[in-house]
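Asker: Given the sequences, and given the hints that come with them, work out the whole structure.
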Amino acid sequence: MNDSQRFTKTTFTQKKESREKWVKVLLFMVTLMMALPVILLVSFLVHKALPVLSLNFITDIPRDLMSAGGIWPAVLGTIYLVVLSLLVAAPVGVMAGIYLNEYAKDNWLTRIINLAVINLAGVPSIVHALFGLGAFVMFAGLGESVIAASLTLAVMTMPVVITSTREALSAVPMSFREASWNMGVSRWQTIRGVVLPNSISGILTGVILEVSRAAGETAPIMITGAAASITFRQGETVYYLLGEKFMALSYHLYYTSMGWKVPDKLPNPETGEMVPMTQAALEYAQAIPYGTAVVLLGVVLLFNSVSIAFRYYLRTHRKW
Amino acid sequence: MVAGTPKLNVDSLRAWYGSEEVIHGISFDVRENEIFGIIGPAQSGKTTLLKIINRTLEFTTGSRMGGLVEMDGQDVYHIKDVYGYRRRVGMVAPLPVGLPLSIYDNVAFAPRSFGMKDGEELDGLVQKCLEQAALWDEVKDRLDSLGTKLSGGQQQRLTIARALSHQPEVLCLDEFSIAIDPVTTMKIEDVLKDLRKEMTIILVTNLVQQARRLADRTMFMLNGEVVEIGDTEPMFSGNAKQPKTNAFVSGDFG
Amino acid sequence: MQLQRSKWKAFSEGLIEWTIRVSGISAVVFVFAIFIFVFWEGKGLLFSDDFSISELLTSEKWDPTHTPPSYGAARIILGTFSVAIVAMIITVPFSLGGAVFISEFCGPRLKEILKVVIELLAAIPSVVWGFIGLKITSVYMKELGADAGVSLLNGAIILALMSMPIIVSISEDALNAVPDSYREAAIGLGVTKWQMVYRVLLPGAKNGLLAAVLLGMGRVVGETMAVLMATGNADNNPFSSDAPFLDLLVSVKTMTATIAKEMGDTVNGGDHYQVLFLLGVLLFSITFIVNLTAHLVIHGVKRK
Numbered sequence: 001m002n003d004s005q006r007f008t009k010t011t012f013t014q015k016k017e018s019r020e021k022w023v024k025v026l027l028f029m030v031t032l033m034m035a036l037p038v039i040l041l042v043s044f045l046v047h048k049a050l051p052v053l054s055l056n057f058i059t060d061i062p063r064d065l066m067s068a069g070g071i072w073p074a075v076l077g078t079i080y081l082v083v084l085s086l087l088v089a090a091p092v093g094v095m096a097g098i099y100l101n102e103y104a105k106d107n108w109l110t111r112i113i114n115l116a117v118i119n120l121a122g123v124p125s126i127v128h129a130l131f132g133l134g135a136f137v138m139f140a141g142l143g144e145s146v147i148a149a150s151l152t153l154a155v156m157t158m159p160v161v162i163t164s165t166r167e168a169l170s171a172v173p174m175s176f177r178e179a180s181w182n183m184g185v186s187r188w189q190t191i192r193g194v195v196l197p198n199s200i201s202g203i204l205t206g207v208i209l210e211v212s213r214a215a216g217e218t219a220p221i222m223i224t225g226a227a228a229s230i231t232f233r234q235g236e237t238v239y240y241l242l243g244e245k246f247m248a249l250s251y252h253l254y255y256t257s258m259g260w261k262v263p264d265k266l267p268n269p270e271t272g273e274m275v276p277m278t279q280a281a282l283e284y285a286q287a288i289p290y291g292t293a294v295v296l297l298g299v300v301l302l303f304n305s306v307s308i309a310f311r312y313y314l315r316t317h318r319k320w
Numbered sequence: 321m322v323a324g325t326p327k328l329n330v331d332s333l334r335a336w337y338g339s340e341e342v343i344h345g346i347s348f349d350v351r352e353n354e355i356f357g358i359i360g361p362a363q364s365g366k367t368t369l370l371k372i373i374n375r376t377l378e379f380t381t382g383s384r385m386g387g388l389v390e391m392d393g394q395d396v397y398h399i400k401d402v403y404g405y406r407r408r409v410g411m412v413a414p415l416p417v418g419l420p421l422s423i424y425d426n427v428a429f430a431p432r433s434f435g436m437k438d439g440e441e442l443d444g445l446v447q448k449c450l451e452q453a454a455l456w457d458e459v460k461d462r463l464d465s466l467g468t469k470l471s472g473g474q475q476q477r478l479t480i481a482r483a484l485s486h487q488p489e490v491l492c493l494d495e496f497s498i499a500i501d502p503v504t505t506m507k508i509e510d511v512l513k514d515l516r517k518e519m520t521i522i523l524v525t526n527l528v529q530q531a532r533r534l535a536d537r538t539m540f541m542l543n544g545e546v547v548e549i550g551d552t553e554p555m556f557s558g559n560a561k562q563p564k565t566n567a568f569v570s571g572d573f574g
Numbered sequence: 575m576q577l578q579r580s581k582w583k584a585f586s587e588g589l590i591e592w593t594i595r596v597s598g599i600s601a602v603v604f605v606f607a608i609f610i611f612v613f614w615e616g617k618g619l620l621f622s623d624d625f626s627i628s629e630l631l632t633s634e635k636w637d638p639t640h641t642p643p644s645y646g647a648a649r650i651i652l653g654t655f656s657v658a659i660v661a662m663i664i665t666v667p668f669s670l671g672g673a674v675f676i677s678e679f680c681g682p683r684l685k686e687i688l689k690v691v692i693e694l695l696a697a698i699p700s701v702v703w704g705f706i707g708l709k710i711t712s713v714y715m716k717e718l719g720a721d722a723g724v725s726l727l728n729g730a731i732i733l734a735l736m737s738m739p740i741i742v743s744i745s746e747d748a749l750n751a752v753p754d755s756y757r758e759a760a761i762g763l764g765v766t767k768w769q770m771v772y773r774v775l776l777p778g779a780k781n782g783l784l785a786a787v788l789l790g791m792g793r794v795v796g797e798t799m800a801v802l803m804a805t806g807n808a809d810n811n812p813f814s815s816d817a818p819f820l821d822l823l824v825s826v827k828t829m830t831a832t833i834a835k836e837m838g839d840t841v842n843g844g845d846h847y848q849v850l851f852l853l854g855v856l857l858f859s860i861t862f863i864v865n866l867t868a869h870l871v872i873h874g875v876k877r878k
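Residue numbers (the numbering used here), protein chains in the order written: chain A, 1 to 320; chain B, 321 to 574; chain C, 575 to 878.
Because the hints were derived from the structure by calculation, they are not lab data.
Fair warning: there could be bad hints in the mix.
Stated by the list, open to error - To be clear about the criterion: a stretch of chain A counts as covered by chain C if any three or more of its residues have a C-beta under 8 Å from a C-beta of chain C, and this derived list gives those stretches:
id : segment
1  : 14–25
2  : 165–177
3  : 274–284
As the list claims (entries may be wrong) - Think about it this way: if two alpha-carbon atoms lie no more than 16 Å apart in a straight line, the pair counts; the simulated EDC-like pairs of lysine to aspartate or glutamate are:
id : chain 1 : residue 1 : chain 2 : residue 2
4  : A       : Lys105    : B       : Asp401
5  : C       : Lys581    : B       : Asp572
6  : A       : Lys24     : C       : Glu678
7  : A       : Lys319    : B       : Asp425
8  : C       : Lys767    : A       : Glu244
9  : A       : Lys105    : C       : Glu591
10 : C       : Lys767    : A       : Glu236
11 : A       : Lys21     : C       : Glu678
To be verified - Chain A is nowhere near these chain B residues, computed Cβ spacing over 12 Å in every case:
id : residue
12 : Glu378
13 : Thr381
14 : Gly393
15 : Gly404
16 : Ala413
17 : Gly418
18 : Asp425
19 : Phe434
20 : Lys448
21 : Glu451
22 : Gln452
23 : Trp456
24 : Thr468
25 : Ser485
26 : Pro554
27 : Ala560
All residues carry an ideal CB built from backbone N, CA and C; glycine is no exception.
Answerer: Here's what the structure looks like:
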């Protein structure tokens, strides 16, 4: 019990306590102001996207000059990017994390590497884009393509994997490693047999975060191969060649909100004449950017939530 | 091994952490099949000494050693196959450690790393090591359960079983009893009395009485130097050559 | 039974460890590579007659497609900094207030929830933020008097929202790092919680808080999509118009948005292409220095 409750409050204490309460309320409001606007904004987005939200939106190809149908090619493009960048960023990032936590000695080289990881994480996305353009598109001759964009994304998202790996590895107590070394087991075998199996889950959360970032980035792919629209015909299987340009969710959102003009007339399939669109069709077309935003946001938030939930699960299921 | 050669010979050994010297030139030898006790207050360099013997000091950044360590007459620091050498030395640390694997996998870990395949031979080895460590009866029905869930006393015996799994010639124990209960301590002391028939044992301990019970000869270390080495019984009954030893044994300091 | 490590095992293990070491250095390699490649693509222009570094930094005329071309990026650089500074002014009080609340005044349950919320906020892609700035907040800007809605203030607000999670989480770490003994000593003297925060905690955590703000600033300066979509990217000088100090409602260009927008129109290897890369070098250098300073601020304390 608070001491000041045992005595009659003086005006001084009363003033102090009421000011205290006001501060607490003020700070709470301030915190709320962070979360609330965003929640409101997101709800607004969903509201405006309603005309298009349906499973078809994700699985169908764009039709009628992109004013109808779905965004499947963009979704597929994003899947390609995520998988390919993962194939590069995950092994290199995990191994770099293993090196930093298990092998690196406390010397100047290690300090430089640490600085480099931190700086790599802070490079602006457009600079990564320029790097991708210069190194992969031009120098390596890959051209504007799925593979160039994926490699650019891999370099960009690697720090996330490195940092999560280090954290996961350092959570394994040193005593386990020492017990293993004492038996004449080599450093790598110790890592493989004791350390890695017990940090794999932490590493996985880092990988999931990497995936989510790769899916959401626009600038790096904008100048390394993302295209506004690639025509697919009805019934054709949608796929990309690694050396081709591609569509992607993030770029699609940019294009449909900045570069694309919502058509108001469509060619009549029989006569070829331009016929004005119906109100419903217009509303649908105008909702497409919002729908794209919602799909992209949904994908990214889903991945992050999985990562957070996974981390929570890990904390409550420790093996030691 | 040539008759008369001690199992382990240490000559003018020094050790540094960075620029601080922690062992100032000590020499001693350990005879085959004896239990060699090392006593002394904290921070005397006893743990460092053991780490030098099993060559794990190298894992500490900034550590250095100088001098000679020989096993069976061979300079231990000039052996190329470090891992093979470490297998000849078993180590039990002060705090009990169970690897986050099943009990079976704990004991099988080392043999598997060196190429032993799963099968009857491995099963037999695991059982033998657990029996020798006086743990088999308590865990034989739950070899699948996690090693980290055992009690401290059980984990310490598990560590001994792990050490035995790679058939060491020298077994080092670093204050093995400080974190476990007296009953388990007694069990392990009996285990050591049996094991000495097969190997040489170096027992670092802070418990003077424990050294008295187990060690044939004992070395008293103080601040990185050797004060005295001798047969245990005379040393501990007040007849030590050095007055400091008598003072330590009777509890005047440490 | 003597088990030997087979020669093959020793060799393959050596190979694995070598790969690990190489991966470890890869981060350093990439940072250097980024700088080198970006500089390389732009270097040709440095020696051309049409170009001079002083012109780049001081001239307000940006017209790379004109004949003769002008490469004055002063307005663009000003645009980047004006948006960044306004964004910081908006976000710092809220972010620090939020961090203080979460760290000191919050129950454990609420703390968990808020931390999750912040992490999800941090995950929102910048193009979605840009979209919000373009479609939603710009509408309100129009009512305030901006012609097209997209403007400096619009961009600054979006950037403020975007940088909140990073400033909050690093500030919260900094506040957590202040030892409990400080708090207990202050409370023991009879001060209220707020006084304890204001007089003891904030000064005690000032290095970490400064670093948080710097890192937020680094993020804001380097942000591309959100500013591209929310500021309108028009060639204006926010300092020169009639408004009192800074015209918030005018549309500005930033370095990031300029590069992103104009790159698609350039010929690979041409002069316009090259000057955009040089702008990229400038941008990279600025964020590099800001981030480096932030981390030295954090670790400088530890080394002492």
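Asker: So, for every hint listed, does it hold in this structure?
Answerer: Hints and how they fare:
no.	hint	verdict
1	14–25	holds (count 6)
2	165–177	violated (count 0)
3	274–284	violated (count 0)
4	A:Lys105 <-> B:Asp401	violated (22 Å)
5	C:Lys581 <-> B:Asp572	violated (55 Å)
6	A:Lys24 <-> C:Glu678	holds (10 Å)
7	A:Lys319 <-> B:Asp425	holds (15 Å)
8	C:Lys767 <-> A:Glu244	violated (61 Å)
9	A:Lys105 <-> C:Glu591	holds (14 Å)
10	C:Lys767 <-> A:Glu236	violated (67 Å)
11	A:Lys21 <-> C:Glu678	holds (13 Å)
12	Glu378	violated (10 Å)
13	Thr381	violated (5 Å)
14	Gly393	holds (21 Å)
15	Gly404	violated (7 Å)
16	Ala413	violated (7 Å)
17	Gly418	violated (8 Å)
18	Asp425	violated (9 Å)
19	Phe434	violated (8 Å)
20	Lys448	holds (16 Å)
21	Glu451	holds (19 Å)
22	Gln452	holds (16 Å)
23	Trp456	holds (19 Å)
24	Thr468	violated (4 Å)
25	Ser485	violated (7 Å)
26	Pro554	holds (33 Å)
27	Ala560	holds (32 Å)
Violated hints for the displayed structure, listed by number in ascending order: 2, 3, 4, 5, 8, 10, 12, 13, 15, 16, 17, 18, 19, 24, 25.
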